[in-house]
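Following the hints, position chain S against chain Z.
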Amino acid sequence: MTPVSGERARHLIYALLGLGTAAGLLIHVRQPVVVTPPTRSLRDSIQALPRNKLVILSIGWDVGTRGENGPQTEALIEDFFRSKIKFAIFSFASPPGPTMAEQIADRLARKHHKTYGEDWVNWGYRTGGVPMLMGLAKNIPRIVPQDLYHTPISKIPVMRGIRDVHDIAMVIEITGSASLDPWVGFWQGVYGTKLGYAPTGVMVPEAFPYLHAGQITGLQKGLVGAAEYERLVGVRGDATRRMTALSYDHVLVIALIILGNWLAIRAARRRQEPEGQAP
Amino acid sequence: MTPFYVIAIGALCTLGIYSILYRENPVFRFFEHVFIGVAAGYGFYFIITNVLHPLWWTPLVREGKWYWAFPFLIGAMFYLIYSRRLVWMARLVMVSFMGLFAGSQFKGFITGYVPWIRSSFQPVLGPKPPYVQFTNLAMFITLITVMSYFFFSISHKNRTVTGSARVGRWLLMLAFGAIFGSTVMGRMALFIDRVAFLLFDFLRLPR
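Sequence order for the protein chains is Z and S. Residue 5 in numbering that gives the first Met the number 0 sits at position 6 of the first sequence, and the numbers go up by one each step. Residue 36 in numbering that gives the first Met the number 0 sits at position 37 of the second sequence, and the numbers go up by one each step.
Worth double-checking, as some hints may not be accurate.
[What the hints assert, rightly or not] List of simulated lysine-lysine pairs, DSSO-like, C-alpha gap at most 30 Å:
| hint | chain 1 | residue 1 | chain 2 | residue 2 |
| --- | --- | --- | --- | --- |
| 1 | S | Lys64 | Z | Lys113 |
| 2 | S | Lys64 | Z | Lys154 |
| 3 | S | Lys64 | Z | Lys193 |
| 4 | Z | Lys193 | S | Lys127 |
| 5 | S | Lys127 | Z | Lys52 |
| 6 | S | Lys127 | Z | Lys137 |
[As the list claims (entries may be wrong)] Pair ranges (Cβ atoms, derived):
| hint | chain 1 | residue 1 | chain 2 | residue 2 | range |
| --- | --- | --- | --- | --- | --- |
| 7 | S | Gly74 | Z | Val234 | 44 to 54 Å |
| 8 | S | Ala101 | Z | Val234 | 44 to 54 Å |
| 9 | S | Leu20 | Z | His211 | 34 to 44 Å |
| 10 | Z | His149 | S | Asp200 | 26 to 36 Å |
| 11 | S | Gly74 | Z | His112 | 10 to 20 Å |
| 12 | Z | Ala266 | S | Asp200 | 41 to 51 Å |
| 13 | S | Val123 | Z | Arg109 | 47 to 57 Å |
| 14 | Z | His249 | S | Asn157 | 13 to 23 Å |
| 15 | S | Leu124 | Z | Val62 | 46 to 56 Å |
| 16 | Z | Ser246 | S | Ile80 | 32 to 42 Å |
These are computed hints drawn from the structure, not numbers from a lab. Fair warning: this is a prediction, and the values are worked out from it, not measured in the lab. No residue lacks a Cβ here, since even glycine has one placed at the ideal position from N, Cα and C.
Here chain Z stands alone, though its shape is the one from the complex:
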């Protein structure tokens, strides 16, 4: 192939991808969403939680991975509101994460008639990494003296009686970066705290050893995991709506891989043929 035709082929691929994605989003085709065991396990462990304790929704994502982590967060908060599970939005890995998650919680709260401070709280971002998490396990009000809106924690109803790691029912890390290890090493490994994990698709293969070792109780595998979770909750959210576009894109990529390999093999065979015999 000449460089010009290569550039044209590249433009064609991008155009097809854009059109396929737009078509997938605009033309609604209901697809079967098969719930896999890791997602079911995450939902089951959340449903089994005691309602008098708090769940920490640890936000390790920002605008860069919002496309995947956003729907994951939405599916989980939807389930919390429906199941009357109280939660705290928190982050030690992404400064804008709690604000972005708060937007989702705020939107869903209006739908479910939930109130900030009574049904959920936003601890905001805390710097300090591992030492901060170790301190958080021992004394939550000391590490988080005020919430995202600078309200003292002692004045927030949902924080009543929440003192340390023993008042936390579960931690769910939703992330686009490697921010699970501190929770595993310093909360789950030390205190036996239940952990859930919602990474981006890129990180899913690396998450299975944690699941296999029992360090996490369940897993939401990227956007597909979010769609599976929505199916379990019984809601048709962003993740489910985007499955058609994702399927179109995957089919396109597979078709292009096959086409590319076929062209490469054909070109290699032509090069091997003696001159003058080529058709």
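Below, chain S without anything else, positioned relative to chain Z:
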């Protein structure tokens, strides 16, 4: 509700960044620099308003907790690396922090990775359903063959070791394929998010 002009700016930035798909151009360069500048500026603003001011400045100045001056002094010692005479003070805090970090990482390694080693010992035979036995056997073979691929204390001229290492390499390739497949899915999901933003938020097409 987000004002439309904010959404329009977002759409303009998205299209400007995606213009790289056509070819390298000044529009893409402009929006790339805007993105880097905004991200750096936001990070700086956030650290000042959400970390340094409420967690350090307020306790130190307004609440009279004088001992919060020590973190500033310790932090400032890092910058003595530029002084030949006082560089030892910078080294002092650096080695202290390295020791603290290494100590905490050691604890994290024990609690984080020892369960992985423990969970890799799974019974191949026994009163388990056939699919569990098959999974355990597959894991056992994968573990041994991949480890033999990375085991360099024995010469790989031995036929058994060579064969095992070759199987390990094939299994590694399968794992890399799975990782790459997940990567494609992740990247597509991010692209879908941007297209959804352009279609539904900017162009306001019905969902």
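Here is how each hint holds up against the structure:
1. Proximity of lysine 64 of chain S to lysine 113 of chain Z is assessed by CA-CA distance (about 38 Å); at most 30 Å being required, the pair is judged violated.
2. Under the criterion of a C-alpha separation no larger than 30 Å, the hint pairing lysine 64 of chain S with lysine 154 of chain Z is consistent with the structure, at around 23 Å.
3. For the proposed pair lysine 64 of chain S and lysine 193 of chain Z, the alpha carbon gap of about 36 Å is over 30 Å, so the pair is violated.
4. For the hint linking lysine 193 of chain Z to lysine 127 of chain S, the alpha-carbon distance of about 26 Å falls within 30 Å, and the restraint holds.
5. Note on lysine 127 of chain S and lysine 52 of chain Z: the hinted pairing is violated, with a Cα-Cα distance of about 36 Å set against a maximum of 30 Å.
6. Among the hinted pairs, lysine 127 of chain S with lysine 137 of chain Z is inconsistent with the structure: their alpha-carbon atoms are about 41 Å apart, more than 30 Å.
7. Glycine 74 of chain S and valine 234 of chain Z have their C-beta atoms about 47 Å apart, which keeps the hinted 44 to 54 Å range intact.
8. A hinted range of 44 to 54 Å for the beta carbons of alanine 101 of chain S and valine 234 of chain Z is consistent with their spacing of about 46 Å.
9. Look at leucine 20 of chain S against histidine 211 of chain Z: about 39 Å separates their beta carbons, and that is inside 34 to 44 Å.
10. The hint said 26 to 36 Å for the Cβ distance between histidine 149 of chain Z and aspartate 200 of chain S, and at roughly 30 Å that hint holds.
11. Between glycine 74 of chain S and histidine 112 of chain Z the CB atoms are about 46 Å apart, so this pair departs from the stated range of 10 to 20 Å.
12. Between alanine 266 of chain Z and aspartate 200 of chain S the beta carbon distance is about 44 Å. The supplied range of 41 to 51 Å therefore holds.
13. For valine 123 of chain S paired with arginine 109 of chain Z, a C-beta distance near 54 Å keeps the hint of 47 to 57 Å intact.
14. Between histidine 249 of chain Z and asparagine 157 of chain S the Cβ separation comes to about 42 Å, which falls outside the hinted range of 13 to 23 Å.
15. Checked against the given bound of 46 to 56 Å, the beta carbons of leucine 124 of chain S and valine 62 of chain Z, roughly 51 Å apart, stay inside it.
16. As the Cβ distance of serine 246 of chain Z to isoleucine 80 of chain S is approximately 54 Å, the hint placing it in 32 to 42 Å is violated.
When the structure is compared with the earlier hints, violations turn up for hints 1, 3, 5, 6, 11, 14 and 16 and for no others.
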